[in-house]
Every structure is written in C-alpha cells, then in structure tokens.
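Residue numbers (my numbering), protein chains in the order written: chain A, 367 to 585; chain B, 1243 to 1446.
Treat the hints as calculated values from the structure; they're not laboratory data. All of these numbers come straight from a predicted model, not from anything done at the bench. We put the beta carbon where it would ideally sit given N, CA and C, even for glycine. Take these hints with a grain of salt, some might be off.
Stated by the list, open to error - Straight-line distance between alpha carbons at most 27 Å, and here's what the computed DSS-like set of lysine-lysine pairs gives: (1) B:K1421 x A:K462; (2) B:K1281 x A:K474; (3) A:K576 x A:K497; (4) A:K459 x B:K1421; (5) A:K462 x B:K1403; (6) B:K1281 x A:K459; (7) A:K474 x A:K462; (8) B:K1421 x A:K474; (9) A:K474 x B:K1403.
Said to hold, decoys possible - A short list of chain B residues far from chain A (calculated; beta carbon distances all over 12 Å): (10) A1274; (11) D1309; (12) G1311; (13) N1320; (14) D1328; (15) T1395.
What the hints assert, rightly or not - Have a look at the derived ranges for each label pair, beta carbon to beta carbon: (16) A:N565 x B:D1337: 44 to 52 Å; (17) A:E399 x B:T1378: 52 to 60 Å; (18) B:G1380 x A:T532: 46 to 54 Å.
This is what each chain is made of:
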Amino acid sequence: MNKLLALCCATLLAGCGATTTIDEYRPNNQIMEINSEESVVILGRRDAGHYDTDREFIDCVASKMEGADIGVFPEQQFVDAIYPWFEPRTAPKGLKRLTRLMEDPAIKQQIERNRIRYLVWLDGSTKTHDKGGSISCAIGPGGGGCFGFAQWEKSSIYEAIVWDLTNLTEKGRLRVDSSGTSYLLGVVAPIPLLTPVKNDACAGLGTQLKQFFTLDQVQ
Amino acid sequence: MPTTKITIFSILLAVLFISGCSTSAQVQIDSAFPTVVSKPKAVKAAIVFTDEFKTYVATPNRTTSIDLGSAQTELLSNAFAGLFRDVEFVSTAADVTLENALVITPSVQEVQVSTPSDTYLNVYEVWIKYSLDIQTAGGDPVDSWFMPAYGKTPDSFMLSKTNAIEEATVIALRDAGAKLMLDFYRIPSVYNWLVREQLLDEEQ
C-alpha cells in the first residue's frame, strides 16, 4: 500500500516538471568581453498593446547574471538616466534607430558615464491556457474542506536580443520556450502541485545568457 | 477578552474590510520625473502655464479624481527646457518678454481612465489628451497641436485602485514628455515657422 502511495506521489510530482527549450543564435563565434567596471542593462519590451514583459522576470534574469559577477545596471535607473529615449513610445526597435540615438552626444555621454557596454532586450510573456477540472470548497459549523481536481497549463516564451553599445552591433539572440502543467487537488485541504514554468524559463535564459559574456578582469 | 471588546474589534475589522472595497479614488501624483537628456535647439519659447493648468484636477468619472496640476507642470517644464535653448515660463501671454519666440499654451482637453471592472482586462489605463496652442510672440497663430498620452499598469495584481491609477498616470505623463520631445519639431507649421525665421541650424 505504502509503495503504491509513493508511486502515485512520484508520478504526480514528475508531472510537475516544466519542459524548457533554449535556442541560441550568434552571428559569429566572437567572445563578448566585459570588464568588471562595465555593466549590462536588461530592458523589457513594453510597446506591445496586449502584454508587458514583466519586471519580475527581468529582475530574475538580472539576478542570475549578477550571480556570475557581471555588473547589471538597474532597468529603471537606465530608463531615467536617458529619459525620454527608452520610453515605450521612443525605445529603439532596431540597430538603425539605436545608431541614430547614439549620434546624439548627450545620450552617448550618459551611456559612457554609466559604463554600460551591452544592452539586452527581453520580450515575451507567460500565459495560462487549457484550464480543466473544477474544485469547490465549503465551510460550515462542523468544519470545512475542499473537493475536486483542477489543472492548467502555463507557457513562457521569451526572447533576448543582445546589443553591443560600443560597436552598435547585434551580438546574439536567445529564445526560451518553457511549458508545464500544474494541478490542484482538493482532498479536504487544497494541495497545489505547481510547475515553476516562469522560474525554469528565467533560470534557463539567465544561465545561457551569462555564458555569452566573458569576464575580463581589469588589472 | 470581554464580549464588548470582541464586538468593537469585530466591527472595526468589518469597517476596515468594507473600506477596502471602496470604489472611489482620489489620486495625488507625487512622483518626481527625470531630467530630459537632449540638446536644445537655438529657438526661443515662452511657455504659458495658466493657473488653471497648474492646479488642474481631472475628474474622469464620478468616483475618480486625479490631481495632475503640479506633476504635469513639472514634467512639461522639464521637457520644454530640453527643446528650446531660451525658455521662459509665465502665467499669462501678456507676461511674455522674449522676442521672436514661440508662445506655447498647453491645456488639458480630456482625461480618461479605464479599470479592470470596465474592460475585463488585467490592467488600469489612463489617457491624457493635451492641446498645445502655439503662437508667435506677435500673437499670430502657428498651430493648435493635439498631443495624446497613454499609460497603463503592467497588471492589476495586489494594486489598490488609487495606487494603480497613480502608476498609470505617471506612465502617461512620461509618455507625454516623450511624445513632445519626439514630435514637436516634426509639426509642419512649427517647422515652416523655423525655416521662415531662419532658426534652423545647418545640421537640421
């Protein structure tokens, strides 16, 4: 009986794992050097009408990068430092527009003063779909409880584009696609079995992204 | 604990819960705005911030009021200073002292707010519709430019209505600054005036 119970639990928990795929593209095999005085800024795309690249995900990727001793310049501080040129309405969507922006000495000076070497654009979102089942909870004088079963699928799709602000070139692209199913069991108490889809996407993207950069120690 | 104390505590708790469900919002914009990064053009302008504009309180619906006056004055002062090399801020057009300058009077045409209960979207949105009345220092009309600005919260999770509308309004105000910086010199009538007055640098 105990073995059966353990098997059931193991099967359920195994079902809570997310499937994550990462695609990487680099125009060449050139290493991306960054010294300890320079930093990377990670910005979220916010110009789409129906979604915003969430700050929580950007912070998560930034923390993975910082874990590798790569200096990460805070997103809001960067957007404020060169206001209004990275607002949703004005942010460059391509290198051509970035090059034009960098021709403005005031903008170039701000970027150089803050020692920002690379810019990483993050674009994407996490969506919930394929919801199924139902769970109901009730409470009465004699006690309460939940009964039922619900499941839903989540998918996180994010793309990172790395721009070199010194050479004004694109250094590479990463795409992470993570999906998984979460469950909620109502057996008197509600038991959530959640798949950390967004966390997996962040961990995958952050780990891959920090491999892009080679930390060059300043003497 | 005596019964009276428990009753008072329960009532207090209930009042707190109910007040949390209040649908009215009085929003005061207290955020500071960043300085504009821009090289101003060699153009003179007088900006007329009327008392009505400086103390403007928007009431987009019966239950919402947004005190925009000081925030929009600060933001637009900052943006205009990034557009013009010589700029003066006055309260009426009669106070303008600059010659051969543009006289710009901003005003708010309308403010709209949408909440998740209106749209079934998971965001709060704010639209601010500005109008810039542009004249020459001699009083000749140049243009009346419609300048819409938009802001929305990333989501509405754990946000009170007041905080969410404040956040969306700050984003809309920043958008107004961005729109002004990006498009002002692209207004055909303004560009033509600059050409006529020979105020454009060779590089422009």
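Check your understanding: Which hints from the list above does the structure break, by number from lowest to highest?
Key -> Hints 3, 5, 9, 10, 13, 15 and 16 contradicted; others consistent.
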